[in-house]
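There are 2 protein chains.
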Amino acid sequence: MPHILVTNDDGVESPGLLALAQALRTIGDVTVFAPNRNWSAAGHNKTMHKPLRVWSVSLEDGSQAMTTDGAPSDCVALARLGLVKKPVDIVVSGINNGPNLGYDVTYSGTVAAAMEAAINGWPGIAVSSDDYEGPRHWDTAATAAVEITRQALKFGVPENSLLNLNAPNIPLAELRGIRVTRLGNRVYRDVLVERSDPRGVPYYWIGGDPPGGQLDEGTDLEAVSQGYVSVTPLHMDMTFRPLLETVRGWLSQAEPRAG
Amino acid sequence: MPHILVTNDDGVESPGLLALAQALRTIGDVTVFAPNRNWSAAGHNKTMHKPLRVWSVSLEDGSQAMTTDGAPSDCVALARLGLVKKPVDIVVSGINNGPNLGYDVTYSGTVAAAMEAAINGWPGIAVSSDDYEGPRHWDTAATAAVEITRQALKFGVPENSLLNLNAPNIPLAELRGIRVTRLGNRVYRDVLVERSDPRGVPYYWIGGDPPGGQLDEGTDLEAVSQGYVSVTPLHMDMTFRPLLETVRGWLSQAEPRAG
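Going line by line, the protein sequences match chains A and B. Just so you know, we're using our numbering here: the first sequence kicks off at 3 and counts up by one. Just so you know, we're using our numbering here: the second sequence kicks off at 3 and counts up by one.
Check the hints yourself; a few may be wrong.
The list makes no distinction among identical chains, and a pair is therefore deemed to hold if it is satisfied within one copy or across any two copies.
[Claimed, not checked] Distance condition first, Cα-Cα at most 20 Å in a straight line; then the derived EDC-like pairs of lysine to aspartate or glutamate:
#, residue 1, residue 2
1, Lys87, Glu161
2, Lys88, Asp31
3, Lys52, Asp71
4, Lys156, Asp91
5, Lys88, Glu196
6, Lys87, Asp31
By construction, these hints were calculated from the structure, which means they are not laboratory data.
All chains, full assembly: derive it from the sequences and hints.
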């Protein structure tokens, strides 16, 4: 049986985490190690400025889990550094309550945990479910996560890469399939909400509607909008190669000011 | 005069921020808007779960700056949402006290601020200085930052891309030049440090040596190690295209379990 490390960024009490752990137990031994609170939109963290606590909790089904006051990526780092003794074969993070589509991946704690896995030489998969509200269809995302985890264990994932899954929040019976996609162009619709405290001093919320995006063909945004699970392979190397020669051109034209 | 928004992740009191702001004032109007505390290794954040305060502080040279209890990327988002009234031409983040090389970019608050700029349609530049300790040669990084900012303002930076600068921590006179690079392969050397509190309960530090890495030719790691400033163009689209067909192959072989 493969050993699967399960984490998330909504916190150890999230029903999405439990649904994922239960589904993955059908194909492997599962260790759950997740933050003790919600870290949504917290990005890729490494907690070095303060010590971290680690303790055991029971999930709702009575199974044991590890938890910490660190971030999702800290869970993976702490496991890698030895707090999880049994060798890990793959890290699966989620199921996030809400999508991580397009450039969301750079903000996402769910994806950050899979990035931390990739950096540490473990295959990593991030799993998210569309919509932020209403009834949750965790089994749709969980079923796709099991399928992709099974394939990733069989075929392996290249060094420093990871897989980002997003499932539409629809009943499993209505799911149209799984599509391999690229990241789409996310459009954020944040607005500034100014309030005043009882002493008249202003404070600010970043508010507004959930992000939208362009439904270009072949993107994760389009696939999920059409009732498919999207699987987007990501690589940690963000170098924008088409710009290398352009910037070299800038420098050759510039006065040699800096050496 | 172009309008340059300057932020960082070490906090508004950091000498690296002041050095950058002062240097950029030679080519533009500078607005400083930076976090009120250190956010190192905090990743790309969007603070939506709590309101943010914004207030004015004086930098050491007497100039005014805006500060907030939000993250570096929140500074850029708040500016974009209207807290900075004057139209911004470019965002420059730094100078970070320590390098952001290779996969550091995914953890880095300095780079996250430039990513937030890119997502919001502003050119973004992240600036970091090598070494974590010892005498600081801010002017080396600042001089290169001015040069690259000038070029970026002149030629523009493509949508959803950004530039990541790292300067060696050496006197400006010893700088060998600026090289356009790709991200190198960072090697993290974290170790788990277990301690016990006065009640005998364990807690954990993520400790160890600063990250190293492979000095492959053409990488940021190599350039900085040889006394050059590295400029690495980054793109927000982390899609790993070579893996698209591979994963499609997995799915065509798989039983159609999920739709």
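Do the hints match the structure? See the list:
In this assembly of identical chains, the alpha carbons of lysine 87 and glutamate 161 never lie at most 20 Å apart, being 22 Å within a copy and 45 Å across copies at closest. In this assembly of identical chains, lysine 88 and aspartate 31 lie within 20 Å of each other by CA distance solely inside one copy; the values are 10 Å within and 56 Å between copies. Taking the closest pair of Cα atoms, lysine 52 and aspartate 71 come within 20 Å of each other both inside a single copy (10 Å) and across two copies (18 Å). Taking the closest pair of Cα atoms, lysine 156 and aspartate 91 come within 20 Å of each other only inside a single copy of the chain (11 Å); across copies the shortest separation is 49 Å, beyond that limit.
For a Cα distance limit of 20 Å, the shortest separation of lysine 88 from glutamate 196 across copies, 19 Å, qualifies, whereas the shortest one inside one copy, 50 Å, does not. In this assembly of identical chains, the alpha carbons of lysine 87 and aspartate 31 lie at most 20 Å apart only when taken from the same copy (13 Å versus 55 Å across copies).
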